[in-house]
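Asker: These protein sequence lines map, in sequence, to chains S and D.
5 is the number of the first residue of the first sequence in the numbering used here; add one for each residue after it.
64 is the number of the first residue of the second sequence in the numbering used here; add one for each residue after it.
In case anyone wonders, no lab produced these hints; they're calculated from the structure.
Counterexamples of contact, computed for chain D against chain S with all Cβ distances above 10 Å:
(1) Asn-156
(2) His-257
(3) Asp-271
(4) Asp-282
(5) Thr-367
(6) Ala-456
(7) Glu-502
(8) Ala-542
(9) Ser-594
Calculated cross-link-like contacts (lysine to any residue; reagent style SDA-like; alpha-carbon spacing at most 20 Å):
(10) S:Lys-175 / D:Leu-592
(11) D:Lys-369 / D:Ala-332
(12) D:Lys-453 / D:Ile-428
(13) D:Lys-403 / S:Glu-119
(14) D:Lys-403 / S:Glu-113
Derived DEER-like restraints, expressed as beta-carbon distance ranges:
(15) D:Glu-239 / S:Ala-193: 38 to 44 Å
(16) S:Glu-115 / D:Glu-578: 39 to 45 Å
(17) S:Glu-157 / D:Leu-405: 24 to 30 Å
(18) S:Met-5 / D:Lys-393: 20 to 26 Å
(19) S:Tyr-36 / D:Ala-151: 37 to 43 Å
(20) S:Ser-125 / D:Tyr-366: 46 to 52 Å
(21) S:Ala-173 / D:Asn-181: 39 to 45 Å
(22) D:Glu-336 / S:Ala-173: 50 to 56 Å
Backbone N, C-alpha and C fix where the C-beta goes; we use that ideal spot for every residue, glycine too.
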Amino acid sequence: MKVDIILCGVGGQGILSIATVIGEASTEAGLYLKQAEVHGMSQRGGDVQSNLRLSTDPIWSDLIPLGETDLIISMEPMEALRYLPYLSKQGTIVTSSKPFINIPNYPDEAELMAELDSMPSVVKLDIESVAKDSGNARGANMVLLGMAAPYLEILSVEQLRKAISVIFARKGEAVVEANLKAFDCGVAASKS
Amino acid sequence: MEKKLLLGDEAIALGAIHAGLSGVYAYPGTPSTEITEFIQTNPLAKERGIHSHWSTNEKTAMEAALGMSYAGKRALVCMKHVGMNVCADAFINSAITGVNGGLIVLAADDPSMHSSQNEQDSRFYGKFAMIPIFEPSNQQEAYDMMGKAFALSEELKEPVLMRIVTRLAHSRAAVEVKEPKEENAFSPATDNAHWVLLPGNAKRNYNDLISKQTAMEQDSEGSEYNKKEFGKAGNLGIIACGIGYNYVHEAVGDSMNVLKVSQYPLPAAAIKELAAKSEALLVVEDGQPVVEDGVRALLGSGYTVKGRLTGDLPRTGELTPDSVGKALGKESSATYGTAKNLAGRPPQLCQGCGHRDVYGALREIIDEYPDARVFGDIGCYTLGALPPFKALASCVDMGASITMAKGAADAGLRPAIAVIGDSTFTHSGMTGLLDAINEHSSITVIISDNLTTGMTGGQDSAGTNKYEAICLGLGMDPAHLHVVTPLPKNIPAIAQLLREEIAYEGVSVIIPRRECIQTAARHARERRLKS
Chain S
5 MKVDIILCGV GGQGILSIAT VIGEASTEAG LYLKQAEVHG MSQRGGDVQS
55 NLRLSTDPIW SDLIPLGETD LIISMEPMEA LRYLPYLSKQ GTIVTSSKPF
105 INIPNYPDEA ELMAELDSMP SVVKLDIESV AKDSGNARGA NMVLLGMAAP
155 YLEILSVEQL RKAISVIFAR KGEAVVEANL KAFDCGVAAS KS
Chain D
64 MEKKLLLGDE AIALGAIHAG LSGVYAYPGT PSTEITEFIQ TNPLAKERGI
114 HSHWSTNEKT AMEAALGMSY AGKRALVCMK HVGMNVCADA FINSAITGVN
164 GGLIVLAADD PSMHSSQNEQ DSRFYGKFAM IPIFEPSNQQ EAYDMMGKAF
214 ALSEELKEPV LMRIVTRLAH SRAAVEVKEP KEENAFSPAT DNAHWVLLPG
264 NAKRNYNDLI SKQTAMEQDS EGSEYNKKEF GKAGNLGIIA CGIGYNYVHE
314 AVGDSMNVLK VSQYPLPAAA IKELAAKSEA LLVVEDGQPV VEDGVRALLG
364 SGYTVKGRLT GDLPRTGELT PDSVGKALGK ESSATYGTAK NLAGRPPQLC
414 QGCGHRDVYG ALREIIDEYP DARVFGDIGC YTLGALPPFK ALASCVDMGA
464 SITMAKGAAD AGLRPAIAVI GDSTFTHSGM TGLLDAINEH SSITVIISDN
514 LTTGMTGGQD SAGTNKYEAI CLGLGMDPAH LHVVTPLPKN IPAIAQLLRE
564 EIAYEGVSVI IPRRECIQTA ARHARERRLK S
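So here's chain S without its partners, still in its complex pose (with noise of 0.2 Å):
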């Protein structure tokens, strides 16, 4: 079994930090994992994206071929769109629905929900004000997670709660706390 993600969004909103929860839970599990990951001078409020690969067989490539990714996961929904050539058939979406806006030319917002809406598989939610309500404003990425967690079948919600606990730890146990009430409040959204 294996699953190709992408996770996207624009540089400073914390992709590596899911990126880095699911390694930990993945690593955890046994799974070969593989993840590349930008840095550098991209990552100044430009798009940024990381594939993440997940197999209980080996991994050969960093990057994922076009048309083969299973779970694009995304801060943002134009960012979602991005990498639409990189997603298969039957591949979902998970993002959030509130747009990002630091560029001038930014699409018309109607017609950008419109063109995610009609791909087949789309969860979208306005992540920072789910954030916001559990008491967390700097959780949206956890929230995300959380929304991704039943397309993520090859872990469960489990192992990845405990990865959140393991990753977060030497920032107190508040923090650790806060991130997985943000992670479970994205996982109760994702399934109403």
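Got chain S sorted already, so can you dock chain D onto it with the hints?
Answerer: Structure of chain D alone, referenced to chain S:
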């Protein structure tokens, strides 16, 4: 055995530490930076006192690493590919002196120019210097090869080049790690004739280097990293170099005859063996067609060799599983085309960044003086070339802002303005400023000082707190050396200062100084955690 989840860069760093490294020397550069950063924070490296302080540039790094090797210790020098140009003098000549302790030169190439101004292939440098090259195909090999490369370096008494690319440097996978080896004993070289490159000695050393080529070829031919996966059906043989090997397997599994190449000089006998089994060869290599040329020369014009030069693979850019799959006849699974509602999102200067205020002032100047040209340099502030500032006339290489402004001023261009960052200035700007001061060139130099090496993630900058002293030491007239604080409220005053200094027929230096907001935020977080 213990398994760790490591970036390619981190695997190299840990592989070096476990192979008995005594010092890493480097200047930050994407995608190589994380190697040195890993060593700086590794507990064993700290316990052993392994040298890991940043160097001022790649040349000083290369020379210091050679000095550590001279003393008998194992040394590593790391840089991005263009850093090889900066250290080329020392690098090429280190193959003539040879080494004492093992010396690995690591070059991180950036095909597709994710964060670079060209996609030069460092394997040319290895060939040029006539030394062995290692090119790992994955994180595990990157780790394992460090021990092998240090041992080979000491056996041959030559430096070894380790070449990686962005996709390996910045990709994470599990790596099985070994027990760390002890460091080498301190044992400085005593054979002065080998280390003093007077022509008489150098001629003898060069002949030594040439006579070692057979040993290098034999080691390559028998290397565990150059693997023959023969015995399959099919008329097309594949030579797969570095990470290209992964894309071949991703596309066609185990169905084709593949020669994996991860150590150079090229294993000529293995290539001839594959050629004899096949009707044509396809060379899959990331970067420039180094191996493709080599294989064509080896097999002669009568044999069909396909690759980047024949259009079977794209001539430019990094390899992808898709480009390799296409060359091997794999059908793409792509279902969806490019989205309709999509716009480019280029990187930009952070909100609140001091460079923004510098460009705010410069934009006023450019609007007032239509003949003004602002010569840029390498760093975050290169983004001043993009909207909304669109301020830069050039960006070429580390330090070129000052020297290009000088040359243009020599030709009569006014106003000639240079923008350079603090770290880039100490890397390669100081010598150019000395030229300009000696000739009383009419240029205005802005050293935009954010107290760090910003673009690579906030590493220490070699000249912090020394810029005024450096400029005065080079002979700057104190009346034309100014320090300002780049804040939005100060833009009018900075613009006025620029006007005054542009009117001066001589060298002016303006240093806008304010800490990078990324490092400032990080320092605030660290203070909070401490308290």
